[in-house]
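Number of protein chains: 2
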Amino acid sequence: MPKRVDHTERRTQLAEAAVRAIDDRGLEAVRLVDVAKAANLTTGAVVHYLSSKDDVLMAAFDQVGLRSVVRMVETRGQDVVDRAMAYLPHDAETAREWRVFLQFWGRGVSDPAFRAKHRDGYEAISAALARELEAAGAAQPDVVADATIAIVDGIAVRVAMEPEAWPLERMRRTLAAALVPLFTANGQTGRT
Amino acid sequence: MPKRVDHTERRTQLAEAAVRAIDDRGLEAVRLVDVAKAANLTTGAVVHYLSSKDDVLMAAFDQVGLRSVVRMVETRGQDVVDRAMAYLPHDAETAREWRVFLQFWGRGVSDPAFRAKHRDGYEAISAALARELEAAGAAQPDVVADATIAIVDGIAVRVAMEPEAWPLERMRRTLAAALVPLFTANGQTGRT
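Line by line, the protein sequences are chains G and H. At the far end of the first sequence sits residue 218, using the working numbering, and the numbering has no gaps. At the far end of the second sequence sits residue 218, using the working numbering, and the numbering has no gaps.
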């Protein structure tokens, strides 16, 4: 079914263009025409795949969430600090994702649809990490998963908001200070 | 100079009304008239003290930041988990402050004035906490301060976005799991 594959690919292409357009113009100001330009397509083509601005934003949100899941799989077996670094804004692409993600948080506090998507994404990541920790024999895997995610998010906010004050070395030092004692206290060496 | 005191009081009253109005209507949608209604004043009175919508937003941001500083002073000497709980969205007022604060993050990624205010606020809190830790003989006080703030922020985001999934007990358990090993590893018992 080649047509179906094309459809999925085109939606992904549009979602990635939407992430770039949101980062350039802001979540509230961005228009369908900005997404079309970022995707090198006509506005008509955007509307064909994603019928409204809210659909475009949701597709962008899904795209950022998907990257998180991919990152989780790709970094499995790595040391917990290396793994957490992959989630932080450590290069141009992850910095852009976080700037966009922070705008989704801002929107989510007053928009139930965005909040629900946020909750579902976090529940999935949190449950997957807790399962890994449990399989590795960690004490209180659910709590360690919650704490680990909070540490990454809390540092990511600082880096996204104050990039010039947070070089890679400060990210890594803060992650290590918070994650290593947490993992050690729960019977883990740092590899998950 | 009673007139001057009145002026400061009126600005504080307006900033508090702005926080409520932003929470009710959202940072982008809120209008001066909403702030006036929340403050039981005329729009003219609002404009007299805060000349534009951006001034109102900045005053609200300052007000939320001020609460953070007050909380830091008020909780000095408490156990670190109790102290961190005071920062989390643990009651109606702190939940509202976080919902508003998350919208300022969203705005900050694309607005240098908001980002600068964010950076200044975090630098002040971080430096104050590091000084306390240093005075208490903690190892690497700057890093412990960064990690502590990240842990609180990361948990606060989850609570603000998923309040029904984060009762007080889950907040406290996650804080304890992350903060107690961090403080112990750096020669602290948990009191700061």
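Any given hint might turn out to be false.
Since the list gives no way to pick out one identical chain from another, each pair is judged satisfied if it fits inside one copy or across any two copies.
What the hints assert, rightly or not - SDA-like mimics (lysine to any residue), calculated; alpha carbons at most 20 Å apart, straight line:
(1) K79 - G52
(2) K79 - P189
(3) K79 - A162
(4) K143 - L67
(5) K79 - S152
(6) K143 - E188
(7) K143 - N66
(8) K143 - V59
(9) K79 - I151
(10) K79 - D50
(11) K143 - R93
(12) K143 - T38
Don't read these hints as lab results, they were simulated from the structure. The structure displayed is predicted, hence computed values, not measured ones.
Next item on the list: Up to 20 Å between alpha-carbons, please classify K79 paired with S152: within, between, both or neither.
Entry: neither (29 Å within a copy, 39 Å between copies)
Margin query: Treating 20 Å as the Cα threshold, decide for K79 and P189: within, between, both or neither.
Written below: Neither, since 29 Å and 27 Å both go past 20 Å.
Next item on the list: Please work out whether the CA atoms of K143 and V59 approach to 20 Å or closer within one copy, between two copies, in both situations, or in neither?
Entry: neither (25 Å within a copy, 32 Å between copies)
Notebook entry, point to check: Is it within, between, both or neither when you check K79 against G52 at 20 Å Cα-Cα?
Noted result: The answer is both: 13 Å in one copy and 18 Å across copies each meet 20 Å.
Next item on the list: Have a look at K143 and L67 and pick one of within, between, both or neither, based on CA distance no larger than 20 Å.
Entry: neither (27 Å within a copy, 38 Å between copies)
Check: From the Cα coordinates, with 20 Å as the cut-off, is the pair K143 and N66 best called within, between, both, or neither?
Finding: Neither: 28 Å inside a copy, 36 Å across copies.
Margin query: Checking an output row: K143 and R93, CA cutoff 20 Å. Within, between, both or neither?
Written below: within (15 Å within a copy, 30 Å between copies)
Next item on the list: Check K79 against A162 for me: Cα-Cα at most 20 Å, and say if that holds within a copy, between copies, both or neither.
Entry: neither (43 Å within a copy, 53 Å between copies)
Notebook entry, point to check: Quick one: K143 to T38, C-alpha cut-off 20 Å, is that within a copy, between copies, both, or neither?
Noted result: The answer is within: 18 Å in one copy meets 20 Å, while 36 Å across copies does not.
Item checked: 20 Å Cα threshold - placement of E188 relative to K143 -> between (27 Å within a copy, 11 Å between copies)
Check: Within a copy, between copies, both or neither: where do K79 and D50 come within 20 Å Cα-Cα?
Finding: within (16 Å within a copy, 23 Å between copies)
Margin query: Please sort K79 with I151 into within, between, both or neither, judging by C-alpha distance up to 20 Å.
Written below: Cα proximity of K79 and I151: none, with 27 Å in one copy and 38 Å across.
Hint violations for this structure: numbers 2, 3, 4, 5, 7, 8 and 9, all remaining hints satisfied.
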